[in-house]
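Colleague: Sequence:
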Amino acid sequence: MPEQPAKIRRRNFDEVALGYTAAEAAAEASRCIQCRVPRCVEGCPVNVDIPKFIKRIAEGNPKAAAEKLFETNMLPAVCGRVCPQETQCEELCVLAKKGEPVAIGRLERYAADTLRSLSGSAGGAADGAPGASNDTSGTSGAECIRPPTGKKVAVIGSGPAGLTAAADLLKMGHKVTIFESLHLPGGVLTYGIPAFRLPKDIVKAEIDNILSLGAELKNDYVIGRIKTLNEVADEYDAVFLGTGAGLPNFMGIDGENLNGVYSANEFLTRVNLMKAYEPDSATMIRKGKNVVVVGGGNVAMDAARSALRLGAETVTVVYRRSDAELPARREEIEHAKHEGITFCFLANPTKIIGDYGDGTPQGRKFDVKAVECIKMELGAPDDSGRRSPAPVPCSEFLIDADVVIIAIGTSPNPLIFAGAGAGTGTDAGANTTGIEKTKRGTLVVNDRLQTTKENVFAGGDIVTGAATVISAMGAGKKAAKAMDEYLMKK
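If you count the sequence shown from 1, position 480 lands on 480 in the working numbering, and the numbers rise without skipping.
If you're looking for bench data, these hints aren't it; they were derived computationally from the structure. Small disclaimer: the values here were computed from a predicted structure and weren't measured. Just so you know, not all the hints are guaranteed correct.
Stated by the list, open to error - Simulated restraints on C-beta separations:
id	residue 1	residue 2	range
1	Glu436	Met251	22 to 30 Å
2	Ser322	Met251	13 to 21 Å
3	Lys98	Phe366	57 to 65 Å
4	Glu278	Leu247	23 to 31 Å
5	Lys490	Leu18	44 to 52 Å
6	Ser395	Leu18	25 to 33 Å
7	Pro148	Lys439	36 to 44 Å
8	Glu86	Glu372	30 to 38 Å
Said to hold, decoys possible - For lysine-lysine, the following DSS-like pairs were computed, each having C-alpha atoms within a straight-line distance of at most 25 Å:
id	residue 1	residue 2
9	Lys175	Lys369
10	Lys151	Lys489
11	Lys55	Lys98
12	Lys351	Lys287
13	Lys337	Lys375
14	Lys151	Lys218
15	Lys55	Lys97
16	Lys151	Lys175
17	Lys351	Lys369
18	Lys289	Lys275
19	Lys481	Lys151
20	Lys453	Lys151
21	Lys287	Lys275
22	Lys287	Lys63
23	Lys175	Lys490
24	Lys351	Lys375
25	Lys453	Lys439
26	Lys481	Lys52
27	Lys453	Lys490
28	Lys98	Lys52
29	Lys175	Lys227
30	Lys152	Lys453
31	Lys369	Lys7
32	Lys7	Lys337
33	Lys151	Lys227
34	Lys218	Lys287
35	Lys437	Lys227
36	Lys437	Lys481
37	Lys289	Lys365
38	Lys481	Lys152
Positions of the beta carbon are idealized from the N, C-alpha and C atoms, including for glycine.
With these hints in hand, go ahead and build the complete structure from the sequences.
Modeller: This is how it looks when you write it as C-alpha cells:
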C-alpha cells in the first residue's frame, strides 16, 4: 500500500498509509482463491465472512463488500487500519504457506472507506456532537434490527468492546444507553491511537453509524462518581462493562514525579483527544528536544512517533529485551525506524535524573535532565515463554532527556467500583459492587463473560488486561449474545 515518505510524515500527523486505488484493491482481491474451508475466518475474533467480502471487491463492487463487512463488524474502517491481521486472519491464509497472504486488512479498509465516500458520511455530525444523524445509508445495520424487546441495557465505556456490544444489542431490539466518562466517545480509538495511524474523522463516522441505530450516549458521565455501578445495575435490566484498562503502570523508580515525565496514557490523550499538536491548541504539553520512551509495545511506538511529530530532535525507545522480542506490530516498529527513532535494546531505566536549579526555592525547577539505565542480558524463558532479562552489574549509563514517557502497560481503573455516587463520600478505591476482581484488578467472569453480579457482564481489557482492539470487539460480540440470552429468559 502506498505511504507518505518517511522524511515528510515524521513531521505531520496525516495518515501514513494512503490506501488502495480501485485497481490495486481489485488486483489484490483477485489473489484470494476462495477456499472451501476458509481458515482465515477462524482467525477473525468477530467472524467476518472474509472470502465473500473479498470476492465482491474482485468483482468491482466494494459497496457490496462493505455491506457484507457491516453484517458482523460495525467498525471495519478502524479494524482495517489497526488490527494485527498478520497474526490473525492473514496468518491462517493458505497463500501464506508459500508466500504473501492476501492483504485482508487493507482490503477491509478499502471497502469501508469506499462505502463511506459513496454515502457522504466521511465527517459525520459536527465535532463534539456524535450520533446526531439518523441516516444509516450505506450500512446493513438498520435493516436487521429486531422488534423492540422492552429491555434496557447500560453499556459503560464507549471503546471497541462497548461500541461492539452496543451495536449488537441494538440489533437484537434492546434499548441501549452508553455511558462515557470523557467528552467524546471512542475510548482508545479516540484518545490513544494517533491520527497518523487512525484518523479521527474515520473513528467519528463509524461511531456515528452505531449511534444512529438508536443508542443514547451520555458523555462526561463517570460511573463511580455521578452514579455508582450498583445504582446503574438496579436501574437497567443488564449492564456491560467495557471500561478498558486506562490506569497507567509505573516503574517505581526515583524521579518519576519530575516535570517532564508522562505516562503514555496522559501524553497520548493530550495529543489525540485534546489535540495538543495543533498550533492554536490550549492543551499544555511539553515538546521535548530529547525524548525517551520506556517500553516496546504499540503504545510505546505511538508515543515515540507522536513525540517526533511534535518536534523532538531525538527520540529513543528503551526496551529491556532485544529487537526480536518487541511486542509491537512489526509494521509499526519499521515505520518508527524509518522515521528516525532510535532503539536502545537490552537496557532498563534505574532512575530519572532531575535538574534542581541552584538549590534555592526560587531556582528549583525539578525538570528531567537524563535517564540512568542499566544494560540487560537475556536468560531463561519466563512464564510467557520469552527470555527473562537480567541486569548486567556495573553497566549503568546515561541518556539525555527533557521528556520521559512511561509505556509499560496499564491496568483497569478502580474508580468504576467506587461507592461515591450521590455524594456519599465512600472511598474511591473501595469495591462496593460485589464484583470479584483478580490481583491485577481485572474482573473475574465465567465463559459467558458474566461477572459475579448476575446482571453485569464485562469484556475487553477490563477482563484480559491491555490487549488489541479486535480482541475487545470480539469480547463485545460474545457478551452481547450472552446478555441477549439472559434478558430474553429473564
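Colleague: Please name the hints from earlier in the document that this structure breaks, with their numbers sorted from lowest to highest.
Modeller: Numbers 6, 9, 22, 31 and 34, in rising order.
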